[in-house]
Amino acid sequence: MKKDERIVMAHGSGGRMSQKLIEEIFRNAWNNPQLAPLLDGAILNLPPGRVVVSTDSFVITPIFFPGGDIGKISICGTVNDLTACGAKPMYLTVGMIIEEGFPLADLKKLVDSMARTAEDAGVKIVTGDTKVVEKGGVDKIFINTTGVGVIPNGCSELLPSRIQSGDQIILTGTVGDHGLTILAQREGLNFFTPVVSDCASLHHVGEVLRKFDGEVRCMRDPTRGGLATVLNELSSQSGKGFIIKEKSVPVSPAVRGACDMLGMDPFYIANEGKMVIFAASNRASQIVTELRQIYEARETAIIGEVVDEPQGKVLLETELETQRILNMLEGEHLPRIC
Amino acid sequence: MYDDKAYTSQLITEIKKEKLNLSLMEVCGTHTMAIARSGVKKLFPHNLRLLSGPGCPVCVTSQGDIDAVIELATKPGVILATFGDMIRVPGSNSSLQEAKSRGADIRVVYSPLDALRLAKHYPEKEVVFLGIGFETTAPAIAITIEEACRQHLQNFSVWSLHKVVSPALEVIFSDSEITVDGLICPGHVAAVTGIDPFIKLADKYKKPCVVTGFETPDILEGIYMLLLQLRNSDARAEIQYQSVVKPQGNIEAMQVMQKVFKTVPSRWRGLGVIEDSGLAIKDEYCGWDARTKFNIPEYEVQPVKGCACGDVLKGKIVPHQCALFAKVCTPLTPVGPCMVSQEGACAAYYRYNSAETRAN
Chain A
1 MKKDERIVMA HGSGGRMSQK LIEEIFRNAW NNPQLAPLLD GAILNLPPGR VVVSTDSFVI
61 TPIFFPGGDI GKISICGTVN DLTACGAKPM YLTVGMIIEE GFPLADLKKL VDSMARTAED
121 AGVKIVTGDT KVVEKGGVDK IFINTTGVGV IPNGCSELLP SRIQSGDQII LTGTVGDHGL
181 TILAQREGLN FFTPVVSDCA SLHHVGEVLR KFDGEVRCMR DPTRGGLATV LNELSSQSGK
241 GFIIKEKSVP VSPAVRGACD MLGMDPFYIA NEGKMVIFAA SNRASQIVTE LRQIYEARET
301 AIIGEVVDEP QGKVLLETEL ETQRILNMLE GEHLPRIC
Chain B
1001 MYDDKAYTSQ LITEIKKEKL NLSLMEVCGT HTMAIARSGV KKLFPHNLRL LSGPGCPVCV
1061 TSQGDIDAVI ELATKPGVIL ATFGDMIRVP GSNSSLQEAK SRGADIRVVY SPLDALRLAK
1121 HYPEKEVVFL GIGFETTAPA IAITIEEACR QHLQNFSVWS LHKVVSPALE VIFSDSEITV
1181 DGLICPGHVA AVTGIDPFIK LADKYKKPCV VTGFETPDIL EGIYMLLLQL RNSDARAEIQ
1241 YQSVVKPQGN IEAMQVMQKV FKTVPSRWRG LGVIEDSGLA IKDEYCGWDA RTKFNIPEYE
1301 VQPVKGCACG DVLKGKIVPH QCALFAKVCT PLTPVGPCMV SQEGACAAYY RYNSAETRAN
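Same order as they appear, the protein sequences are chains A and B.
Note that the numbering used here has the first sequence beginning at 1, numbered continuously upward.
Note that the numbering used here has the second sequence beginning at 1001, numbered continuously upward.
Please keep in mind that the hints were generated in silico from the structure rather than gathered at the bench.
Keeping only pairs whose Cα atoms sit at most 20 Å apart, straight-line, the calculated EDC-like set for lysine to aspartate or glutamate is:
1) B/Lys1042 - A/Glu321
2) B/Lys1120 - A/Glu187
3) A/Lys245 - B/Glu1215
4) B/Lys1005 - A/Glu319
5) B/Lys1327 - A/Glu330
Produce the complete structure using the sequences and hints provided.
What follows is the structure, encoded as C-alpha cells:
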C-alpha cells in the first residue's frame, strides 16, 4: 500500500483491485478458518442452543474519536445487542460502503481496530461485502455488522415481559460519555477535563449474568436516545412502572460539567458501552459486586426499582426526593451519533 | 456550587411555612426548566404559585418573524446559521427544519463565530446568522458583527430578532388581569445588565425582584428572599446570584451591545408590539445587517386557533389549561414555540410533570 493511496471506484467493481483489497486488508487482519476460503458466505458450526441474530448499521461522524472509531463501534454495537438478548456472541458479518477517495491508510486503521475489538470480544468476522460509491454518495464510510450468537440450552430468554414488581434496576456505569464525546469532536469543544467515549464490548457482563439465570429478567444497552429512552421503552413493553433515583445514576464529573455548560441532560445522551439490567431484588447486590470486577462495568450501581403503578411510566426521584416524569427523548438530540 | 443539604432543607422548611396567597413569576426560560427538572414546585404549599414568564427568546418570537426567516433561508445562495432551538419552531405553514429537509441550506451552530467561519469557508455564499436571545446573547453577536467589520467580510450578515427583557416585564406588571407578587429575575441577563433594570421595576411597580441563579439551592434561596420581602411589605431589587452577578453588570458587554444595536419596537408572541424592546443593527453596521441586504416583507400574523402561547407567556394560564396541550400540541408536533423550545413553559411542563396533571 502506497502512502496517500485512496479508494477508487475500481475497488468496488469485483475485479482485480477488489480482490487485492479483500486479501491484503480484510483477510490479513481478520483471518480465521471461516473467512479464509473467501466463499460467498460462511459455514458455521453452532453449539446447542437458541440462535440469536442481530444487525446494526453505523454512520457515525467523525469516524475517529477519543475512545474509539467507527470500526470499533460497529463490532461493540452488535456484540452488545446479542449480549442484551442473553446470547453468547460468536460470529459477525461486515458490510462496508466506502466513499470514493477514502484514504486506504484510514481503512487499514479501521480494519485493524475491528480485528482487535473482535478478538477481545471473542467473536470472529466470517464474511463481508464491500461497495464503493462516488464522492458524496456516503460520508466517508458506512458499516453494517450482523451478528450471530447462541443462548445456551438451559438458559432463559431475557424479555421485558419477565420484569416483575420489586425487581432492581442496575446500570453498569456512567452515562452520557459517548454522545458528549462526539458532540465535543464535531463542535471543536475543548473541555478542561476531556470526555472519552465509553465504546466497549460487554460480553463479559453477559457471561456473569448467565450464572444468575432466571433471576436476571431482561437487559438492554442504552444507545441513541440515552438511558431515559431505553427505560421508557422497557416500561412500556413490560407494562410496569420504574422509579429511578437521580442521585444513584452514575455521571462522570466531566460529563456533568459539560452538560451543565451546554444545557444538556445526561439521561438523553447516547452511550456505547453500558447495559441496563433488571434483576430479582434478592440477588441484585451480589450481581453488582460481581459486575464491578469487570473493567467496563466497574461503576455498576443499582439505580432504581420496578413498581406496579404508574403502568408504563418512568418516574425520577429528584435530589429533593420529589418525583417527576422521566420522558422519552422527543425529536432529535444529536444527529448521527452511532 | 452548593453542596449543603442542611441549608437546602432549611430553606424548604421556611418556604413551606408561607401562609399568604402568593404568585411569583419566574421570567427566564432556563429557570422554567431548572424548576421543573428539580421537582421543587412539588414541595410548595398550595397557596404559593409559580408562574412562567416571557423570558424564553425562542418562545416570544412571533409567527410572522419565523415565516420571514423561513423565506430568507430558502433564498438561493444563502446559508442560514442558527442556534439549534430555532430549528423546529413552527411558523404559519412550515419550520426551518422542514425547509432544511426540502433543501434549504440551514446549519446549526453553537456560537456566532462558527457562522463567521462558514462565511470564510463559502465566499460565494451569503451566510446569515439568525440573532436570537436577550441581553445574555446580544453582546456576543455584537462582537461578531464588529469582527466581521474588522475582517471586511462582505458575505456575512445578521438577521436580528434580539430582544431586551425589561419592557416585557413592564407589560406583565401593568396588566390588571395578571397578579404577580414578586419576580424571580433572570440571572444571566442580570450578569450583563446589572441590577439597574430590576431596581426600576421594583420601584415603579412596588414588587420585590430577586436576581436568582439556576442550581436548586439558588432557586430556593431566591424564592425565600422574595417571601421575606413580601412578609415585610418590602419591594426592592436584590441579588441572590452574587457569585456571577455584580450590581453594575458587565460594562464592556453592555457597551459593545449599545455600540452595535439600537432599540426598536418589537412584536412579542402573546404580548403584541412593545416599544424599545427589540434590538436592531445600527446604520453604521448596515453592511452586516441582513435586513438591509434582503428585502423580506413583514408577514401577517395568523395565530393558530386554540393556541394559547400568549396566555402561557403572561402567566395567565398553566400549560395544561391550553386546549391544545398534549392533545394536538406535543414536543414532536408543536403548534407554538412554548412547546418546541427547550426552555418553553409547555415543553418543561410536558417533560417533567406527572401523568395525572397532563391532559393525555
